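Student: For this one, chain H is given, so just place chain C on it according to the hints.
Here's the letter readout for the chains.
2 protein chains.
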Amino acid sequence: MELLKNKIQTEGRVFNDSLLKVDSFLNHQLDPQLMLKMGEEFAKRFQAEPITKILTIEASGIAVSIMAGLTINVPVVFARKKKSAVTNDFYCAQAYSFTKQETNTITVDKKFLDPTDKILIIDDFLANGEAALGLVDIVNQAGATVVGIGIVIEKSFQPGAKKLKELGYRVESLARIASFSNGNVNFL
Amino acid sequence: MELLKNKIQTEGRVFNDSLLKVDSFLNHQLDPQLMLKMGEEFAKRFQAEPITKILTIEASGIAVSIMAGLTINVPVVFARKKKSAVTNDFYCAQAYSFTKQETNTITVDKKFLDPTDKILIIDDFLANGEAALGLVDIVNQAGATVVGIGIVIEKSFQPGAKKLKELGYRVESLARIASFSNGNVNFL
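If you read the protein sequences in the order shown, they are chains H and C. Just so you know, we're using the working numbering here: the first sequence kicks off at 10 and counts up by one. Just so you know, we're using the working numbering here: the second sequence kicks off at 10 and counts up by one.
Here chain H stands alone, though its shape is the one from the complex (with noise of 0.2 Å):
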């Protein structure tokens, strides 16, 4: 999406040539309008599929999923990122993040997932797969189904895409990076 693209290279910036900072219009502010045309765009990516809600993590994979759950007109449901104890009522996986070097708890109440859900999964970042990969197994708990995997950035010289295609899922990614080099961004 040259938009993006563009957006990424511009305000964009790059740090020890593995991690990409957007906290002007992605992960801090936001830029509301970028936001409904990459909500448009996943709809658009994914018009085929029977999606009934699409799922997310707080904080910055929300804004672009109301516009895409806006765009398909289906509910959005945001997993919530823990580190205290998790009730029964709850699906939980761990994820890893690498741009914060953390593991999280997250999870959603059992009640907004249903065996007959076609779930469109959408994030920010796509680094090693482990955030995507918790929301996959926390569909799978749910007996629910997985119809793609909606992604803003991706980060292709990491394994995360790889991963999840070898599993079977459908990726669609907004932009595909693939490299970093001194200080630039170079995309696939």
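Read the hints as simulated data drawn from the structure, not as lab findings. Values in this document were obtained by computation on a predicted structure and should not be read as measured data. Please note that the accuracy of each hint is not assured.
Label pairs and their computed distance ranges (CB to CB) [what the hints assert, rightly or not]:
hint, chain 1, residue 1, chain 2, residue 2, range
1, H, D98, C, E111, 14 to 22 Å
2, H, S190, C, L176, 26 to 34 Å
3, C, L28, H, T112, 23 to 31 Å
4, C, L28, H, F166, 30 to 38 Å
5, H, T112, C, T96, 16 to 24 Å
6, H, Q18, C, D98, 44 to 52 Å
7, C, D26, H, D98, 33 to 41 Å
Just a few of them, taken from the derived set where beta-carbon distance is under 8 Å, the chain C residues facing chain H [stated by the list, open to error]:
hint, residue
8, D26
9, Q38
10, P41
11, L45
12, A68
13, I71
14, I75
15, G78
16, P84
17, V85
18, V86
19, V95
20, D98
21, F121
22, P124
Each residue gets a CB set at the ideal place from its N, CA and C atoms; glycine is no exception.
Tutor: Showing chain C alone in chain H's frame:
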């Protein structure tokens, strides 16, 4: 806002005559069409104000704020809740959550608030006003101006709204709850 009040009446659940759970459309599962309507309502109520930016808190404030930002056509910044140490690059404030019974340090990167900014603060709940006051504190630290505070659900029997109004802030709440009784919600 009638649409929201109807949603609270049909889907909200009251606990101990003080706690209202609206996790089927606002705090865990999100209703995108309702979020858009609420964002538009905030835009309408504050249309006379020269808003340059919306400030909210992760995670439940993000969805409605991004819809308000889309309608008003301004960026949205969400404050992060942290328990860890915060560097000098961030404004921070303390905020006690009545719902969660815990104190969070809320932080905003200094580069996203400017002394010329006219800020609309938006949050999901207003009870004792701690979160809103924390956001006001951060705006003041930046030397920016709060032009109004938009709240989805105000618990008018708790002191937050009164406190904020006494400090001179305009508070616009989409639903104002006078009391809970026998598991029912009574609006003002």
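Student: Run every hint past the structure and note whether it holds.
Tutor: We went through each hint and held it up to the structure:
Roughly 20 Å separates the CB atoms of D98/H and E111/C, a value that falls within the hinted 14 to 22 Å. Taking 26 to 34 Å as the suggested C-beta distance range, the pair S190/H and L176/C does not conform, at roughly 51 Å. Judged by the Cβ atoms, the range 23 to 31 Å given for L28/C and T112/H holds: they are separated by roughly 30 Å. Here the CB-CB span from L28/C to F166/H is close to 47 Å, at odds with the stated 30 to 38 Å.
Taken as a hint, the range 16 to 24 Å holds for the pair T112/H and T96/C, whose Cβ atoms sit roughly 23 Å apart. The given range of 44 to 52 Å is broken by Q18/H and D98/C, whose C-beta atoms sit roughly 23 Å from each other. Separation of D26/C from D98/H is about 22 Å and departs from the stated range, judged on CB atoms against 33 to 41 Å. Evaluation of the D26/C hint against chain H yields a violated restraint, the C-beta minimum of about 22 Å exceeding 8 Å.
A distance limit of 8 Å between C-beta atoms decides the matter here; for Q38/C the minimum to chain H is near 5 Å, and the interface restraint holds. Hint on P41/C holds. Least Cβ distance to chain H is approximately 4 Å, under the 8 Å limit. Taken as an interface hint, L45/C checks out: its beta carbon lies about 6 Å from the nearest beta carbon of chain H, inside 8 Å. Interface restraint check for A68/C: the shortest CB-CB distance to chain H comes to about 4 Å, inside 8 Å, so the restraint holds.
Against a cut-off of 8 Å between C-beta atoms, the interface hint on I71/C holds, since the closest Cβ of chain H lies about 5 Å away. Hint status for I75/C: holds, given a least beta-carbon distance of 5 Å to chain H, under 8 Å. Below 8 Å, beta-carbon pairs count as interface contacts, and G78/C has one with chain H at about 4 Å; its hint therefore holds. With a cut of 8 Å, the hint placing P84/C at the interface with chain H holds, because the nearest CB-to-CB distance is about 5 Å.
The beta carbon of V85/C is positioned within 8 Å of a beta carbon in chain H (closest approach about 4 Å), and the interface hint is therefore held. Nearest Cβ of chain H to the Cβ of V86/C: about 5 Å, under the 8 Å cut. The hint holds. Checking V95/C against chain H: minimum C-beta separation of about 13 Å lies over 8 Å; hint violated. The criterion of a C-beta within 8 Å of any C-beta in chain H is not met by D98/C, whose closest approach is roughly 11 Å, and the hint is violated.
Against a cut-off of 8 Å between C-beta atoms, the interface hint on F121/C holds, since the closest Cβ of chain H lies about 5 Å away. Taking 8 Å as the C-beta contact cut-off toward chain H, the hint placing P124/C at the interface is violated, the least distance being around 17 Å.
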